Amino acid sequence: MPSAMTEIERRSDELPPRGVRAFVAVFLSAFVACGLLGLELWPLTGWRLFSELRTDHQVTWRATVVAGEEEAQIAFAELPRAYRNFPLVMRTFAGLPPAEQTAACRAWLDAALRERPQATEVRIYRVDWYLSHRNGARDGPPPTSTLLLACDREEAPDATR
Amino acid sequence: MRRVERFLFPAASAERLAAVRIGLCAVLAGRLATGPYAELADQPRELYRPISFMELLPSMPPRPAVVALQTTAVLAAVLAAVGLRTRLTLPAAWACAIVLNGMVTSTGKVVHNDLVLLLCLVPLLVAPAADAWSLDARRTSRRAPGVPSRLYGWPLRTAAIVVAGAYFFAGLAKLVHSGPAWVTSDNLRWALYASGDSELAIFIADRPWLAHALAAGTLLLELGFPLVLFVPRAAWLFVPGAVLFHAGIWIAMGLDYSAQAATAVVVFANWPVVVGALLARRSAPAAAGPG
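Here the protein sequences line up with chains A and B, keeping their order. Just so you know, the first sequence maps onto residues 1 to 161 in the working numbering. Just so you know, the second sequence maps onto residues 1 to 291 in the working numbering.
FYI, nobody ran anything at the bench for these hints, they're computed from the structure. Don't take every hint at face value.
Here are the computed lysine to any residue pairs in the SDA-like style, where the Cα-Cα straight-line distance is at most 25 Å [as the list claims (entries may be wrong)]: (1) B/109 with A/79; (2) B/109 with A/68; (3) B/109 with B/15; (4) B/109 with A/23; (5) B/109 with A/50; (6) B/109 with A/87; (7) B/109 with A/13; (8) B/109 with A/55; (9) B/109 with A/22; (10) B/109 with B/176; (11) B/109 with B/195; (12) B/109 with B/65; (13) B/109 with B/231; (14) B/109 with B/55.
This structure is a prediction, so every number in the text was calculated from the model and none was measured.
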């Protein structure tokens with residue numbers, strides 16, 4: 001018995017070609033696998049957005065520039081975009097070889113020299129602080145700064161101060 | 001198997017796919033035109049943190065190359081939006097965008113802001129996205145079939161799965177890595193306090209009940225988003241919810257997920273119906289006018 005479907009209707013109901021179906025299967029499988037397993041195969045990703053639990057205790061870093069007797073904090077937000085990834089680089093800074101730590105530190109010194117041509121040194125500190133300070137509860141101890149690294153243009157890094 | 005096939009390869013009109021091409025390419029052109037790529041090109045090698053294919057490069061690409069890439073990308077995205085040489089311009093825009101966004105994400109952290117947009121464009125790279133509402137269709141006098149076809153439906157469904165999946169997996173990651181404490185602890189309050197000095201962030205963080213409610217709402221939105229794939233009317237709840245969610249994050253935390261919000265709107269809105277309603281509204285007064 002002939003189908004009641006018209007030719008156009010029949011063609012519109014056809015599945016896409018095999019190659020397209022394989023493409024969809026591979027693409028969606030990879031997308032779902034990365035999402036489920038938390039894999040980072042950028043541009044496929046595990047979508048870990050704010051997934052780690054935050055606590056009152058925060059670890060941040062700050063860098064200062066030394067010029068003569070003065071020591072001033074580097075405002076990375078005001079530097080060119082290429083230098084603004086200071087907090088991101090610092091996340092893995094401790095795991096870098098000393099030579100790479102110094103090289104990064106000197107890159108920030110170069111940036112600081114644009115604003116303060118008389119700068120001679122950059123110092124990088126780890127800062128432990130408590131967010132509860134922000135709502136006036138003052139639950140945690142006061143912020144503490146620990147010097148991680150200092151670098152200048154010529155000398156070797158000095159992390160012993 | 002047939003159920004899966006029907007789900008992955010539904011029928012849709014050429015116009016609906018064309019609308020998604022126009023919308024996503026317009027958003028892409030806007031993002032590419034305003035991105036910080038040329039500034040990143042000046043980054044010292046010591047601060048470069050490549051991931052994925054960017055590991056093939058020893059540093060950020062040189063500025064002239066980046067400017068050329070950005071110019072090409074914007075031009076190609078605009079041409080793809082109007083549907084000129086779409087088979088060439090859309091893949092060119094996407095490929096350039098991947099490299100440029102690869103630069104942004106090679107600064108020490110995976111950057112997700114434009115990922116949903118880029119991934120939703122993937123099915124359009126090989127789909128007949130310019131069979132309607134395009135200069136290509138005018139140029140070749142090619143006529144799309146007047147009835148919905150599976151050839152036009154699968155890229156839309158694939159893009160919808162990407163949008164829904166992105167929200168769902170973001171919610172899943174929160175549950176896997178933090179558990180219910182993501183809602184029940186002071187997690188969101190600390191995240192807001194840590195994010196800066198926005199009045200909205202501090203307002204919410206200072207009120208634990210509000211922070212808990214918003215954390216619960218975030219998880220509900222993210223984990224519940226795939227419902228739109230099975231109950232299309234749920235998009236009326238989840239898509240505006242996602243837009244509000246991203247607007248709130250932008251105001252409170254300064255994080256710009258406008259490309260993701262716009263992508264969700266472009267993918268889930270039924271643009272031919274919207275355009276038809278607008279045209280009918282425009283012609284109605286003329287028809288009812290004097291004479």
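Quick rundown of the hints versus the structure:
Between residue 109 of chain B and residue 79 of chain A the alpha-carbon distance is near 19 Å, which keeps this suggested pair within the 25 Å criterion. About 35 Å separates the Cα atoms of residue 109 of chain B and residue 68 of chain A, which puts this hinted pair outside 25 Å; it is violated. Among the hinted pairs, residue 109 of chain B with residue 15 of chain B is inconsistent with the structure: their alpha-carbon atoms are about 38 Å apart, more than 25 Å. This hinted pair does not check out: residue 109 of chain B and residue 23 of chain A have alpha carbons roughly 29 Å apart, beyond 25 Å.
Straight-line distance between C-alpha atoms of residue 109 of chain B and residue 50 of chain A comes to about 12 Å, which keeps the hinted pair within the 25 Å bound. Among the hinted pairs, residue 109 of chain B with residue 87 of chain A is consistent with the structure: their alpha-carbon atoms are about 10 Å apart, no more than 25 Å. At roughly 45 Å between alpha-carbon atoms, residue 109 of chain B and residue 13 of chain A are farther apart than 25 Å, so this suggested pair is violated. Simply put, residue 109 of chain B and residue 55 of chain A have alpha-carbon atoms about 20 Å apart, close enough for the 25 Å limit, and the pair holds.
Annotation: proposed proximity of residue 109 of chain B to residue 22 of chain A is violated, straight-line Cα distance about 32 Å (limit 25 Å). Among the hinted pairs, residue 109 of chain B with residue 176 of chain B is consistent with the structure: their alpha-carbon atoms are about 20 Å apart, no more than 25 Å. Pair hint residue 109 of chain B plus residue 195 of chain B holds up; C-alpha atoms about 16 Å apart against a cutoff of 25 Å. With a CA separation close to 23 Å, the supplied pair residue 109 of chain B and residue 65 of chain B stays within the 25 Å bound.
A C-alpha spacing of about 35 Å is found between residue 109 of chain B and residue 231 of chain B, which places the hinted pair above 25 Å, so the restraint is violated. With a CA separation close to 14 Å, the supplied pair residue 109 of chain B and residue 55 of chain B stays within the 25 Å bound.
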